[in-house]
Amino acid sequence: MAKYLLLKHYRGGPAPAVDCAPMDRWTPDEVDAHMRFMSDFATRLEESGEFVDIQALAPDGTFVRYDGEGRPPVTDGPFVETKDLIAGWYIIDVESWDRAVQLAGELSAAPGPGGKPIYEWLEVRPCYGIPAAVTE
Amino acid sequence: MNGALLRDLVPAVIGVLVRRGADFTSAEDAVQDAVVEAVRVWPDDPPRDPKGWLVTVAWHKFLDTARADACRRRREVRLEGEPMPGPVAAVDDTLQLYFLCAHPCLTPASSVALTLRAVGGLTTRQIAQAYLVPEPTMAQRISRAKRTLSGVRFDQPGDVATVLRVLYLVFNEGYSGDVDLAAEAIRLTRHLASMINHAEVGGLLALMLLHHARRPARTGPDGRLVPLAEQDRGRWRSHLIAEGVQVVQAALARDRLGEFQAQAAIAALHADARTVDETDWVQIVEWYDELVRLTDSPVARLNRAVAVGEADGPRAGLAALAELDPALPRHAAVAAYLHERDGDPVAAARLYTEAARSAPSRSERDHLTRQAARLNAPRQT
Numbered sequence: 047m048a049k050y051l052l053l054k055h056y057r058g059g060p061a062p063a064v065d066c067a068p069m070d071r072w073t074p075d076e077v078d079a080h081m082r083f084m085s086d087f088a089t090r091l092e093e094s095g096e097f098v099d100i101q102a103l104a105p106d107g108t109f110v111r112y113d114g115e116g117r118p119p120v121t122d123g124p125f126v127e128t129k130d131l132i133a134g135w136y137i138i139d140v141e142s143w144d145r146a147v148q149l150a151g152e153l154s155a156a157p158g159p160g161g162k163p164i165y166e167w168l169e170v171r172p173c174y175g176i177p178a179a180v181t182e
Numbered sequence: 003m004n005g006a007l008l009r010d011l012v013p014a015v016i017g018v019l020v021r022r023g024a025d026f027t028s029a030e031d032a033v034q035d036a037v038v039e040a041v042r043v044w045p046d047d048p049p050r051d052p053k054g055w056l057v058t059v060a061w062h063k064f065l066d067t068a069r070a071d072a073c074r075r076r077r078e079v080r081l082e083g084e085p086m087p088g089p090v091a092a093v094d095d096t097l098q099l100y101f102l103c104a105h106p107c108l109t110p111a112s113s114v115a116l117t118l119r120a121v122g123g124l125t126t127r128q129i130a131q132a133y134l135v136p137e138p139t140m141a142q143r144i145s146r147a148k149r150t151l152s153g154v155r156f157d158q159p160g161d162v163a164t165v166l167r168v169l170y171l172v173f174n175e176g177y178s179g180d181v182d183l184a185a186e187a188i189r190l191t192r193h194l195a196s197m198i199n200h201a202e203v204g205g206l207l208a209l210m211l212l213h214h215a216r217r218p219a220r221t222g223p224d225g226r227l228v229p230l231a232e233q234d235r236g237r238w239r240s241h242l243i244a245e246g247v248q249v250v251q252a253a254l255a256r257d258r259l260g261e262f263q264a265q266a267a268i269a270a271l272h273a274d275a276r277t278v279d280e281t282d283w284v285q286i287v288e289w290y291d292e293l294v295r296l297t298d299s300p301v302a303r304l305n306r307a308v309a310v311g312e313a314d315g316p317r318a319g320l321a322a323l324a325e326l327d328p329a330l331p332r333h334a335a336v337a338a339y340l341h342e343r344d345g346d347p348v349a350a351a352r353l354y355t356e357a358a359r360s361a362p363s364r365s366e367r368d369h370l371t372r373q374a375a376r377l378n379a380p381r382q383t
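Chains as they are written, first to last, in our numbering: chain G, 47 to 182; chain E, 3 to 383.
Wrong hints could be hidden among the right ones.
Claimed, not checked - For each label pair, taking beta carbons as the anchor points, the in silico distance ranges come out as:
1. 93/G <-> 315/E: 54 to 64 angstroms
2. 56/G <-> 372/E: 55 to 65 angstroms
3. 6/E <-> 99/G: 26 to 36 angstroms
4. 189/E <-> 93/G: 43 to 53 angstroms
5. 93/G <-> 154/E: 46 to 56 angstroms
6. 152/E <-> 107/G: 43 to 53 angstroms
7. 248/E <-> 88/G: 49 to 59 angstroms
8. 224/E <-> 111/G: 26 to 36 angstroms
9. 379/E <-> 108/G: 29 to 39 angstroms
10. 375/E <-> 79/G: 47 to 57 angstroms
11. 107/G <-> 154/E: 19 to 29 angstroms
Simulated from the structure, these hints should not be mistaken for lab results.
All values derive from a computational prediction rather than experimental measurement.
Note that beta-carbon positions come from the ideal geometry of N, C-alpha and C, so glycine has one too.
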């Protein structure tokens with residue numbers, strides 16, 4: 047088993063397959079259906095023994111940088127909308143890379159307006175494992 | 003109270019319950035409950051017969067559960083009506099558990115989890131900590147595995163090779179949390195070796211002992227990875243090496259060579275050398291030839307290229323490497339090492355950087371990055 051990060055972006059990544067409206071323009075039923083899909087997806091991961099962690103990130107936040115001894119760190123203020131923001135992540139513990147990609151594909155098919163899949167891009171990244179006892 | 007001693011009893015107690023008519027899932031649950039009870043009670047009130055105590059408590063737990071379950075009432079009546087069977091051969095029951103937990107219908111990850119719980123007697127929390135997943139996740143993995151096994155007959159003969167693969171997976175996971183999985187795998191393999199007469203069980207046990215012996219020297223005080231050639235051999239645990247060498251020699255004497263024995267023989271040759279320069283690389287290459295013949299594993303071929311590089315020089319190693327798929331894990335790291343030995347630090351540094359990018363763990367990535375930096379540093383000044 048190996049752990050993978052499924053990263054959801056607000057923006058960034060390859061060109062979208064479907065450019066659907068932001069969620070605040072969906073109907074309440076469409077929003078509910080989307081939320082239910084996400085919650086069911088998490089439940090399925092828990093039942094299959096592949097769940098590690100899920101977090102949704104608030105859009106607020108800031109970049110921080112060290113600015114020299116004795117000086118307060120530099121921040122760039124609140125994010126503006128055009129930045130590539132990370133919306134949240136799933137961490138899963140699955141049998142193979144193929145399984146991680148399969149799950150990301152299912153997540154990308156979350157329903158949007160009209161109940162159609164939103165075709166969201168998800169970034170899949172392997173986490174480093176525990177060092178094996180035998181390497182040399 | 004000795005936790006390992008308590009865990010030693012678990013598989014036999016599960017076996018007794020199953021022999022008395024409990025299904026595997028209920029028996030396993032009941033024994034877990036009994037172990038939790040033992041941890042609580044034994045420190046103040048140690049039993050004279052620990053196994054008998056566990057059987058009695060687990061059997062009562064099983065009956066309680068069965069009693070609470072209305073659908074099972076009829077079966078319970080049947081069970082209670084039957085006379086208790088006499089003493090049973092606990093050894094056979096335990097062996098069956100190893101086979102059941104490594105059943106081919108389970109995924110490797112499920113087999114590992116179930117083996118640690120049913121045979122190893124670890125709690126779900128301990129297993130979850132060791133694999134760095136939440137406890138409910140591990141509980142689900144175990145209960146799914148048990149559901150998968152619910153239709154499997156308990157008396158089917160099992161496949162030793164699958165059991166050994168599962169135990170080796172446990173060993174190889176490294177460790178974290180309060181359970182040392184390498185030590186746990188050794189304990190279980192010793193246990194298996196005491197029940198079954200099989201050369202490869204000895205091979206695996208020896209391999210684990212020899213690798214485990216070197217563990218104190220494999221990382222520096224700051225957690226850095228220390229490669230074999232630079233390890234302080236004074237820190238190798240000599241009693242484990244002595245035992246490993248003896249076990250592998252006994253296994254090899256039976257003339258039923260398998261891959262674990264071949265790997266153990268290689269590990270024994272490394273462990274036998276008092277300094278790096280005394281390493282018998284020629285014999286190691288011969289054992290890698292055997293290993294390649296037995297497994298045809300690309301990883302064995304890759305390791306063989308390293309050994310050839312030491313025995314016949316880096317050019318010969320690079321020639322062996324050229325026949326292998328560059329996409330193999332650690333291919334770039336081996337290439338980097340051989341190029342450096344061949345006097346080409348520029349190519350070596352580039353390959354170390356490439357190898358770091360695809361390293362499977364952070365400590366390995368850091369080690370390879372440091373190698374690249376070491377080669378780049380003099381040329382930058």
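Cross-check of the supplied hints:
1. At roughly 56 angstroms, the beta carbons of residue 93/G and residue 315/E sit within the given window of 54 to 64 angstroms.
2. For the pair residue 56/G and residue 372/E, the beta carbons lie near 37 angstroms from each other, so the given range of 55 to 65 angstroms is not met.
3. Under the hint 26 to 36 angstroms, the C-beta atoms of residue 6/E and residue 99/G, about 32 angstroms apart, fit the expected range.
4. For the hinted restraint 43 to 53 angstroms between residue 189/E and residue 93/G, the CB-CB distance of approximately 32 angstroms leaves it violated.
5. For the pair residue 93/G and residue 154/E, the beta carbons lie near 21 angstroms from each other, so the given range of 46 to 56 angstroms is not met.
6. For the pair residue 152/E and residue 107/G, the supplied restraint of 43 to 53 angstroms holds, since their beta-carbon distance comes to about 48 angstroms.
7. The beta-carbon spacing between residue 248/E and residue 88/G, approximately 52 angstroms, falls within the hinted interval of 49 to 59 angstroms.
8. A hinted range of 26 to 36 angstroms for the beta carbons of residue 224/E and residue 111/G is consistent with their spacing of about 27 angstroms.
9. The beta-carbon spacing between residue 379/E and residue 108/G, approximately 36 angstroms, falls within the hinted interval of 29 to 39 angstroms.
10. Between residue 375/E and residue 79/G the beta carbons are some 52 angstroms apart, a value that agrees with the proposed interval 47 to 57 angstroms.
11. Range check, residue 107/G to residue 154/E: Cβ separation about 51 angstroms, and the 19 to 29 angstroms hint is violated.
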